[in-house]
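**Student:** Each chain is listed here by its residues.
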Amino acid sequence: KQEVTQIPAALSVPEGENLVLNCSFTDSAIYNLQWFRQDPGKGLTSLLLIQSSQREQTSGRLNASLDKSSGRSTLYIAASQPGDSATYLCAVNGGATNKLIFGTGTLLAVQP
Amino acid sequence: NAGVMQNPRHLVRRRGQEARLRCSPMKGHSHVYWYRQLPEEGLKFMVYLQKENIIDESGMPKERFSAEFPKEGPSILRIQQVVRGDSAAYFCASSRRTSSSYEQYFGPGTRLTVT
Numbered sequence: 001k002q003e004v005t006q007i008p009a010a011l012s013v014p015e016g017e018n019l020v021l022n023c024s025f026t027d028s029a030i031y032n033l034q035w036f037r038q039d040p041g042k043g044l045t046s047l048l049l050i051q052s053s054q055r056e057q058t059s060g061r062l063n064a065s066l067d068k069s070s071g072r073s074t075l076y077i078a079a080s081q082p083g084d085s086a087t088y089l090c091a092v093n094g095g096a097t098n099k100l101i102f103g104t105g106t107l108l109a110v111q112p
Numbered sequence: 001n002a003g004v005m006q007n008p009r010h011l012v013r014r015r016g017q018e019a020r021l022r023c024s025p026m027k028g029h030s031h032v033y034w035y036r037q038l039p040e041e042g043l044k045f046m047v048y049l050q051k052e053n054i055i056d057e058s059g060m061p062k063e064r065f066s067a068e069f070p071k072e073g074p075s076i077l078r079i080q081q082v083v084r085g086d087s088a089a090y091f092c093a094s095s096r097r098t099s100s101s102y103e104q105y106f107g108p109g110t111r112l113t114v115t
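Chains as they are written, first to last, in this note's numbering: chain A, 1 to 112; chain B, 1 to 115.
Just so you know, the hints here were simulated from the structure itself, not pulled from any lab data.
Don't be surprised by glycine CBs; every beta carbon is placed ideally from N, CA and C.
Keep in mind that a hint or two might mislead.
Away from chain B, derived, C-beta distances all over 10 Å, residues of chain A [said to hold, decoys possible]:
no.	residue
1	GLY41
2	ALA79
3	PRO82
Restricting the straight-line Cα-Cα distance to at most 27 Å, the calculated cross-link-like pairs of lysine-lysine (BS3-like) are [stated by the list, open to error]:
no.	chain 1	residue 1	chain 2	residue 2
4	B	LYS62	B	LYS51
5	B	LYS62	A	LYS1
6	A	LYS68	B	LYS27
7	A	LYS1	B	LYS71
8	B	LYS51	A	LYS68
9	B	LYS27	A	LYS1
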């Protein structure tokens, strides 16, 4: 059974810092992995999707990497801003029926 | 291109009533997924549907919950005889099969409160 864990559970950094969020999964047989952000009381915004054959994806200040064999993904945020404050979720797609298994989330606070 | 639409955004029901949650996928998307986020818990998969077919309902509670995605119209998640434990945020996502991606796009959610 696939389990997805994210560490840290919460993170507070001053504005301008670079930071890394971690995601680990127990079953390496995945189809893809998505990173999302969720603002309080809102829906999920897809940030990046990495296919199982890819090693990384980049979008603006965000870079996500995937090491399928070790069951790990990282989300790197460069030059953090207060507007980056949100909960960040990773989710793996096992491929059989496309259901996403979500991690526990990292609550990020960027202090101005 | 409008995103995934869900309505209502907020729904209050008394115990024993029925709740109907609607989801209109993005244009061109034929796959719909429902997830539930209980207070202080993570997002959990409920059901995956394609037009007129339930593909995977392994996350659906065995009783009182049902889902459909008809040929015409939105997908409906129906909860009969709601109980307080059904209070949660229900999110719908949609995807379009491409050659390599089933990227899912989420709606804003319906927040169900059972009193």
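**Student:** Against each hint, give a clear statement of whether it holds in the structure.
**Tutor:** Verification of the hints:
Non-interface call for GLY41(A) relative to chain B: violated, since the shortest CB-CB distance, roughly 8 Å, does not exceed 10 Å. The Cβ of ALA79(A) lies farther than 10 Å from every Cβ of chain B, with a closest approach of about 26 Å, so its non-interface assignment holds. Here PRO82(A) stays apart from chain B, with its beta-carbon at least about 22 Å from theirs, past the 10 Å limit. About 22 Å separates the Cα atoms of LYS62(B) and LYS51(B), which keeps this hinted pair within 27 Å; it holds.
Between LYS62(B) and LYS1(A) the alpha-carbon distance is near 20 Å, which keeps this suggested pair within the 27 Å criterion. In summary, the hint linking LYS68(A) to LYS27(B) is not supported, as the alpha carbons are separated by about 32 Å, beyond the 27 Å threshold. Under the criterion of a C-alpha separation no larger than 27 Å, the hint pairing LYS1(A) with LYS71(B) is inconsistent with the structure, at around 33 Å. Of the supplied pair hints, the one linking LYS51(B) and LYS68(A) is violated, its CA atoms being roughly 32 Å apart against a limit of 27 Å.
Taking the CA atoms of LYS27(B) and LYS1(A), the gap is about 33 Å. The hint is violated against a cut of 27 Å.
Against the hints set out earlier in the document, violations occur for numbers 1, 6, 7, 8 and 9.
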